[in-house]
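In order, the protein sequences belong to chains W and P.
Residue 27 in the numbering used here sits at position 27 of the first sequence, with consecutive numbering throughout.
Residue 296 in the numbering used here sits at position 78 of the second sequence, with consecutive numbering throughout.
Just so you know, the hints here were simulated from the structure itself, not pulled from any lab data.
Keep in mind that this is a model prediction, so the values were computed, not measured.
We put the beta carbon where it would ideally sit given N, CA and C, even for glycine.
It is possible that part of the hints are untrue.
[Said to hold, decoys possible] Mimicking BS3-like on lysine-lysine, the simulated pairs with C-alpha atoms at most 30 Å apart in a straight line are:
#, chain 1, residue 1, chain 2, residue 2
1, W, K179, P, K228
2, W, K179, W, K120
3, W, K188, P, K284
[What the hints assert, rightly or not] Covered stretches of chain W, going by a simulated chain P footprint (3 or more residues, C-beta under 8 Å):
#, region
4, 90 to 97
5, 120 to 134
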Amino acid sequence: MAQPSLSVKKEKPEHHHFVDADQQFEASKMGVWIFLVTEILFFGGLFAAYIVYRAWYPELFIAASDELDVFWGAVNTVVLISSSLTVAMAIRSVQLNQIKGLIINLWITISLAGVFMVIKYFEYAEKIGKGVLPGAHYTYDGVDHEKANIFFSIYYMMTGLHGIHVLVGISLMLWLVWKAKKGHFSSKYYNPVEGTGLYWHLVDIIWIFLFPLLYLID
Amino acid sequence: MSGHHVSTAKFLWGVAIALLFLTFLTVAAAWMHFPEPWNVIVKLGIAVVKAFIVAAFFMNLWWDTKFNALLLFMSILFLFIFVGITLLDTLYRTDPIPGF
Chain W
1 MAQPSLSVKK EKPEHHHFVD ADQQFEASKM GVWIFLVTEI LFFGGLFAAY
51 IVYRAWYPEL FIAASDELDV FWGAVNTVVL ISSSLTVAMA IRSVQLNQIK
101 GLIINLWITI SLAGVFMVIK YFEYAEKIGK GVLPGAHYTY DGVDHEKANI
151 FFSIYYMMTG LHGIHVLVGI SLMLWLVWKA KKGHFSSKYY NPVEGTGLYW
201 HLVDIIWIFL FPLLYLID
Chain P
219 MSGHHVSTAK FLWGVAIALL FLTFLTVAAA WMHFPEPWNV IVKLGIAVVK
269 AFIVAAFFMN LWWDTKFNAL LLFMSILFLF IFVGITLLDT LYRTDPIPGF
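Based on the provided sequences and hints, a complete structural model is requested.
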C-alpha cells in the first residue's frame with residue numbers, strides 16, 4: 001500500500017463509497033481473487049473425481065487417453081498461452097493509456113479464444129461421431145475396458161466446464177471492447193480489464209493442468 | 219506492494235516464451251515414456267511450474283499485496299484437504315461400489 005499522505009493528490013474513485021481510485025482498484029482486484037478461489041474449488045470437485053477414478057482404474061486412463069489427439073491438445077495449449085500473453089499486453093496498453101492498443105489486444109485474445117473453441121468443436125465432433133459420448137450414451141468399442149465410458153464422462157465434464165469458461169471469457173472481452181470504444185477506460189480506471197485478465201489467466205492455468213492429465217497419459 | 223505494476227512488453231514476451239518452452243518439454247517428456255510414477259511426477263511438476271509462472275508474472279502476484287497470494291495459497295490448501303480426505307475413503311475400499 002502507498003503511504004497515506006494528505007499532501008499527495010488522490011485520484012477520485014469511480015464510485016463514491018471508495019476513499020480513492022487506488023482503494024477501489026485494490027478492492028475490486030481482491031474481489032476477483034476471492035471469486036477465483038471459488039473457481040479453483042469448483043473445478044476442484046472434478047479434479048477430485050479424476051484422481052479417485054485414476055487411483056481405482058489406472059489402466060483405463062492409459063488406454064482411453066490414446067483416443068485423444070496430443071497434437072491438437074498441444075496446439076490448444078499454445079493458443080491459450082498466447083491469449084494469456086495478449087491479455088497481459090491489453091492490460092499493459094491501458095496502463096499506458098493506449099486505448100487503441102487495448103482494443104487490438106482484446107480482439108486478438110478473442111480470436112485466439114475462438115480458435116481454441118473451434119479446435120475443441122472438431123475434437124468433440126470426431127468423438128461424438130464414433131459414439132464416444134458421456135455416461136450411458138457411450139457406444140464406442142475401441143477402448144478395451146468395461147469402464148471406458150467413465151474416462152470420457154470425466155473428459156467431457158472437465159473440458160466442457162473449461163469450454164464454458166472460455167465462452168464466458170469471450171463475452172467479457174467483447175463487453176470490454178464495447179466499453180473501451182465508449183471511452184470508459186484509461187490508465188486511471190481499468191478495473192474491469194484487470195479483473196477479466198485475472199479470470200482469463202486462471203482459465204489458462206486450468207488448461208495447463210487438463211492438458212497433461214487428459215492427453216499425456218503415457 | 220500496490221497493484222499498478224506495469225510490465226515491459228519484452229518481459230511479457232519472455233514469460234510467454236518460457237511457458238511455450240515448458241509446453242514443448244512436457245510433450246517431449248510424454249514421448250520419453252518415463253516409468254511410473256515418474257511419468258506423472260514429471261508432467262505435473264512441469265504443470266505446477268507453468269501455473270506458478272502464470273500466477274506470479276501474468277497475474278502479477280509477484281508484485282501484488284501478499285493477501286491475494288494468500289487467497290490463492292489457501293484455495294490450493296483446501297483443495298488438498300478435500301482430495302486428501304476423499305482419498306482416505308476411496309483408496310481403502312476393498313470393493314468400489316458396483317456401477318461406479
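Quiz item: Which earlier hints can't be squared with this structure?
Solution: Number 5 only.
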